[in-house]
Structure formats: C-alpha cells, structure tokens
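Asker: If you're matching positions, the sequence shown starts at 1 in the numbering used here and goes up one per residue.
Hints listed in this document are in silico derivations from the structure and should not be mistaken for laboratory results.
Among the hints, erroneous ones may be present.
Within a straight-line C-alpha distance of at most 30 Å, the following computed DSSO-like cross-link-like pairs (lysine-lysine) qualify [claimed, not checked]:
#	residue 1	residue 2
1	K222	K210
2	K210	K170
3	K170	K127
4	K222	K211
5	K78	K41
What you are looking at is a predicted structure, and each value in this text was computed from that prediction instead of being measured.
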Amino acid sequence: MSNKASQAKTAICGIINVTPDSFSDGGQFFAVDQALQQARKLIAEGASMLDIGGESTRPGSSYVEIEEEIQRVVPVIKAIREESDVLISIDTWKSQVAEAALAAGANLVNDITGLMGDEKMADVVAKAGAEVVIMFNPVMARPQHPSSLIFPHFGFGQAFTEEELAGFEKVPIEDLMKTFFERALARAEEAGIARENILLDPGIGFGLTKKENLLLLRDLDKLHQKGYPIFLGVSRKRFVINILEENGFEVNPETELGFRNRDTASAHVTSIAARQGVEVVRVHDVASHRMAVEIASAIRLADDAENLDLKQYK
C-alpha cells in the first residue's frame, strides 16, 4: 500500500472477530459459516479489506494459545479466499499465527504490539513479502499506567527494559509514540520489510487516557509526516462511548438506540479521520462508516470534483 494513498479515498476495513469474548461482537461470528456470511455482508457494504482476529484484546481478556488461535482464524481465511480476492488482514501479534494465516491467503498482518511482542514476527512478515500494520501500544510502554492496568499483557516477555519503562511514565504521549515507532521501524528495517509495506496505527483506545486519545486523533497529520499510510481503529472504542454518556446520549448496547448511537458516534470520528487523509479505517459497521468516508473524502478531494449535471433536476 503506497504512502501516497492519502490522495485517494479512505479505504474501509471490516472487522470479523472469530472469538467468543470480543468487547463488541464476541461469539457472533465464531463459526466459519457465520464468519463467511458476515464477510459477504461487509464486502457488499463497501469494505475493501477484512480484518480477521482470533484473540480478543479488550480489557480483561484472556490469552489464547497459538494452536487454538490458528484453528479459529485459518478456516475463516481459507473460506473467504476461496470466493473473494478481498484484502485480508490477520489481527495477531504471534508470529506462528501470522505465518499460518499468510499461508492460508491473508495479505497483511495487523500487529497490535508493533512487531515488539514476538521477536520472530518481523522475519515472518519480511519472508512473506506481506504488508504490516505497526501499532503504537501504550500498554506495553506504560504497563503500570492506570489506563493500562485493565488490559491483558501483550507479547512474549518484555519489549523494553525496566529503566526505559520507568522513564516512559511521564513522557508526553506524542513523544512516547515517536519513540515506540522508532524502535519498531528499526526492527522492521533490520528484518527487511519494505518501507512501502508498512502502515502505522496510533493505537487509539489502548492504555490511553481520554485526553491522550483525543490529542492523537486531533494531530493525525503529525503521524502522516512520517511518510507512512495510517491504519486507524476507533470503532466502538470506550472513550467515544464515554463522550456520549457525558452528554446524555443512550449508549446501552442492549437497546436499539444505544447500539446505533455507538456506531453513529464512531462514524463521526471516521469522518474526521477521512477528512485528514487517513488511508484505512477499521470498523464494525461498514455501512455507516462508508457514508462518513464518502462525504469526508469528497470534501478533502474537492479539487478533483466534477460539477453536477443540473439538467436532471428540471
């Protein structure tokens, strides 16, 4: 994916969680036939990429053994690939899962540990010539931060030294993200991952305060200055729901209005991201986010707009 993609319309990546416990749709697409049906729906609604995950990363979630995760995702990837050439992303930080998924037909690895959780991941990606999403993971950089404590431990071992972790605690979030990406990108370069195969994810919703989430979203242009495409996931994130709650909106997912409000609010964030030229947004409800993308992208790409044929209104 070229880093010139911001001159095009923002792409939509639909989420398929093949898990029993994801925060939003856990268990809903656990069976292969259900996941395949959801894939067809997301593609029909406008997704040009699908992100398949076999391990929940929500607060309080549990570690999934490697073989179990492979058994969850590989049959789904194979089933989708048999009938579609849609781009497929495997959402995992484990190199063995990524290797199996890529062999099954996945195109891209979405690593929430930014190549820092499994030392073999960068080599697997490089060997396959695959694309990779390198996510900034504040939970790994600030494990004792109050916003990190509710999350599970990501990665095998520890990505940073105790001295580094102690120093990270009071570092401004944008500086911490810069340091994290420098380390991750160095690992990618050392492994031989092509620069044009890398996307960056600011890690919205992972071990961040409300203010930090908002600051990173406001300043996405600074991340773009690194010259890499941005992959952004804000769909149904807790801080978005909190903003709705604070302003009196219904957010109970057990009610139709509350569930719809969560997706509507998420789509508003997608609109802001698309207006800033974010290359890919990762979402649950493709239909509502596609509408946001179409309008925001049209405004951003106004120089290329064609005039309406007013004769049709006579």
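Asker: Could you grab the alpha-carbon distance between K222 and K211 and see if it respects the 30 Å cut-off?
Answerer: Cα-Cα ~17 Å, so holds.
Asker: Next pair to validate is K78 with K41; report whether the Cα-Cα distance is within 30 Å.
Answerer: holds, 17 Å
Asker: Mind checking the alpha carbons of K170 and K127 for me, to see if they're no more than 30 Å apart?
Answerer: Answer violated: K170 to K127 is near 37 Å, above 30 Å.
Asker: Has the given pair, K210 with K170, been kept, meaning a C-alpha gap of at most 30 Å?
Answerer: holds, 16 Å
Asker: Assess, step by step, whether the Cα of K222 is no farther than 30 Å from the Cα of K210, and give holds or violated.
Answerer: holds, 19 Å
Hint 3 from the earlier list is the only one contradicted by this structure; the remaining hints agree with it.
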